[in-house]
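If you're matching them up, the sequences are chains A and B in order.
First residue of the first sequence: 702, per the working numbering; consecutive thereafter.
First residue of the second sequence: 21, per the working numbering; consecutive thereafter.
Mixed in with the good hints, there may be bad ones.
[What the hints assert, rightly or not] Cβ-to-Cβ under 10 Å is the rule here; a few derived chain A residues that face chain B:
1) Val706
2) Arg712
3) Ser753
4) Arg757
Calculated from the structure, these hints are not laboratory results.
All C-beta atoms in this analysis are idealised placements derived from N, C-alpha and C, irrespective of residue type, glycine included.
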Amino acid sequence: MLKNVFVKILRDKRKTFAWWSLGVLFITIWYSMMFTSIEGIDVSAVNQMMESELIRGLLGGAYDLTTPEGWLGAELLPLLGPLIFIVFGVSFATSTLTGEEEKGTLNLLLTNPITRVSVYLQKYSAMIVGILALGLVFWFGNIIGTTSANMGLSFLSLAEVTFSLVLLGLLFGTFALALGAATGKGGLGKGLASAVGIISYLLNSMSEIVGSLEPFRPVSVFHYYGGGEVLSNGIDFGDVGILLAGTVGLFAVGLYGFQRRDIGT
Amino acid sequence: MSEPIIETRGLTKFYGKNRGIIDLDFGVSEGEVFGYLGPNGAGKTTTIRTLLDLIRPTDGEAKIFGKDVRLDGEEIRADIGYLPGELALFGDMTGEETLKYLGNVKGGLNWNYVEELADRLEADLSKTVADLSSGNKQKLGLIQAFMSEPRLLILDEPTSGLDPLMQQEFFRLIEEAQENGQTVFASSHILPVVERICDRVGIIRKGELVAVEEIDDLKEGMLRSLELQFAERPPEERFIALPGVEEVNFEDSRLRCKVVGKLDDLIKEAANYEVINVISHEPNLEEIFLKYYEREEEEPEEGGEADA
Ligand SMILES: Nc1ncnc2c1ncn2[C@@H]1O[C@H](COP(=O)(O)OP(=O)(O)O)[C@@H](O)[C@H]1O
Ligand SMILES: [Mg+2]
Numbered sequence: 702m703l704k705n706v707f708v709k710i711l712r713d714k715r716k717t718f719a720w721w722s723l724g725v726l727f728i729t730i731w732y733s734m735m736f737t738s739i740e741g742i743d744v745s746a747v748n749q750m751m752e753s754e755l756i757r758g759l760l761g762g763a764y765d766l767t768t769p770e771g772w773l774g775a776e777l778l779p780l781l782g783p784l785i786f787i788v789f790g791v792s793f794a795t796s797t798l799t800g801e802e803e804k805g806t807l808n809l810l811l812t813n814p815i816t817r818v819s820v821y822l823q824k825y826s827a828m829i830v831g832i833l834a835l836g837l838v839f840w841f842g843n844i845i846g847t848t849s850a851n852m853g854l855s856f857l858s859l860a861e862v863t864f865s866l867v868l869l870g871l872l873f874g875t876f877a878l879a880l881g882a883a884t885g886k887g888g889l890g891k892g893l894a895s896a897v898g899i900i901s902y903l904l905n906s907m908s909e910i911v912g913s914l915e916p917f918r919p920v921s922v923f924h925y926y927g928g929g930e931v932l933s934n935g936i937d938f939g940d941v942g943i944l945l946a947g948t949v950g951l952f953a954v955g956l957y958g959f960q961r962r963d964i965g966t
Numbered sequence: 021m022s023e024p025i026i027e028t029r030g031l032t033k034f035y036g037k038n039r040g041i042i043d044l045d046f047g048v049s050e051g052e053v054f055g056y057l058g059p060n061g062a063g064k065t066t067t068i069r070t071l072l073d074l075i076r077p078t079d080g081e082a083k084i085f086g087k088d089v090r091l092d093g094e095e096i097r098a099d100i101g102y103l104p105g106e107l108a109l110f111g112d113m114t115g116e117e118t119l120k121y122l123g124n125v126k127g128g129l130n131w132n133y134v135e136e137l138a139d140r141l142e143a144d145l146s147k148t149v150a151d152l153s154s155g156n157k158q159k160l161g162l163i164q165a166f167m168s169e170p171r172l173l174i175l176d177e178p179t180s181g182l183d184p185l186m187q188q189e190f191f192r193l194i195e196e197a198q199e200n201g202q203t204v205f206a207s208s209h210i211l212p213v214v215e216r217i218c219d220r221v222g223i224i225r226k227g228e229l230v231a232v233e234e235i236d237d238l239k240e241g242m243l244r245s246l247e248l249q250f251a252e253r254p255p256e257e258r259f260i261a262l263p264g265v266e267e268v269n270f271e272d273s274r275l276r277c278k279v280v281g282k283l284d285d286l287i288k289e290a291a292n293y294e295v296i297n298v299i300s301h302e303p304n305l306e307e308i309f310l311k312y313y314e315r316e317e318e319e320p321e322e323g324g325e326a327d328a
């Protein structure tokens, strides 16, 4: 135990991660179980409401709540899932590197025979492991939930949709980590990542109903996150490529900036 | 002397417009205990953090073990034990976990030696760091600096928070380190600490190195305040006439004066009369600085300080 920086982060995060896992399991299972409760009631009225501009603008599309894909695609996938993965990724990112700098322990760590590149890589890979692990929990929760609710979704398509959430979390986590690493300001990374997340989300979903926003849609990160569509149409490798490319670019910016700057006390 | 362990040339650091350190040139030799003395804000921590490559100089360069601290930092730091001025540790870990972790990151952890150090400093390694007093945290800081028996120890205000007993133990650790041939660079704003452990002293003020002196030379020129209580008032002129004795001031049979360098003349003169008590006040940092201020103010080009 406590062999290196990487292992230490996983140790530091074990309790936080346990709570997140419980929460994610609860949300995913409970959400699918709710599907059984609408069986037998007439949802046509609700579906009609789903067609309304307001709902489409908020959720980024219309969903048929009577189908499993529509049910998951209406809220869990466009809204809750991204929220979970982005918040998890960003808070993981800011607590590891800039968090340690703000506490002052980075001072002690970096005076060891260890390069900044190595510290950055270890912190970064710990974040990847964290997000992937949360992805596994999310997938697992959905498997349990959809199976219990007899929704008949394939484990593979659930895995695909989880994977696109993982990519989203990774992108935002990288954004926060890299910005904090390059500037030493954890708050900046966190704040900007949240702002970009919210604006991206609104831009993408609102352009569903506001035509004038449509041309700007490709700017939104959410445009490349398939959400509910992944469940019905499978994952889009072009989108995956774009999310990954953004992640790699941000990662590089952080790595470069972190090596060059002064470490705060 | 033997090969230089630390060497700086024109080392300068500005934080934006704020002065950190200006144009430092100094060297520390192998096996030396070098004191780095200066009041708060003088630039001691800035110097140390530059040596460790935590911050990057605005100008100039620093070498440790003959290698550039920027280019070969990783290799250099393998042989350095460092105690930060403001020690921050992992709050949720015990002392033992902290030292094991830091030891693993450093490599070559010798746990038996850690336990020996902990014993000597009376540090409780089973307690969670967050529950430790600042003095007990400082002990952990010292242990992690010493535990790898590094070739160079860089200690930023090492005695802060230590009670007098532990301070003595710390002095012994420094002496042993020196016997082992280790080199020590220790900053302090407390003169007696530096006086106690160091061979040479660099004096820093407002970011500039104003003097580097052997500790004995420093003491030589030191102005010491003295109080002598006599049974009866001796003749004042005899004391005023003594070389190196200044500000002679009698209050009944009590003499107050200042002495530069050795006390020999004064004590021998005093011995002609019945002496009841002698009180010697440690010269403080201000008095030492006064000496260097005066020297500096004789030089005409002073005044660059105004914009700092
Ligand atoms: N991160 C920083 N940003 C701006 N100014 C700083 C910073 N760190 C130190 N300084 C300034 O540099 C000067 C030297 O500080 P420092 O090296 O900490 O002194 P010392 O350790 O001798 O007390 C002080 O005037 C201080 O205000
Ligand atoms: Mg300091």
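Quick rundown of the hints versus the structure:
{"no.": "1", "hint": "Val706", "in the structure": "holds, 7 Å"}
{"no.": "2", "hint": "Arg712", "in the structure": "holds, 9 Å"}
{"no.": "3", "hint": "Ser753", "in the structure": "violated, 50 Å"}
{"no.": "4", "hint": "Arg757", "in the structure": "violated, 47 Å"}
In this structure, the earlier hints numbered 3, 4 are contradicted, and the remaining ones agree with it.
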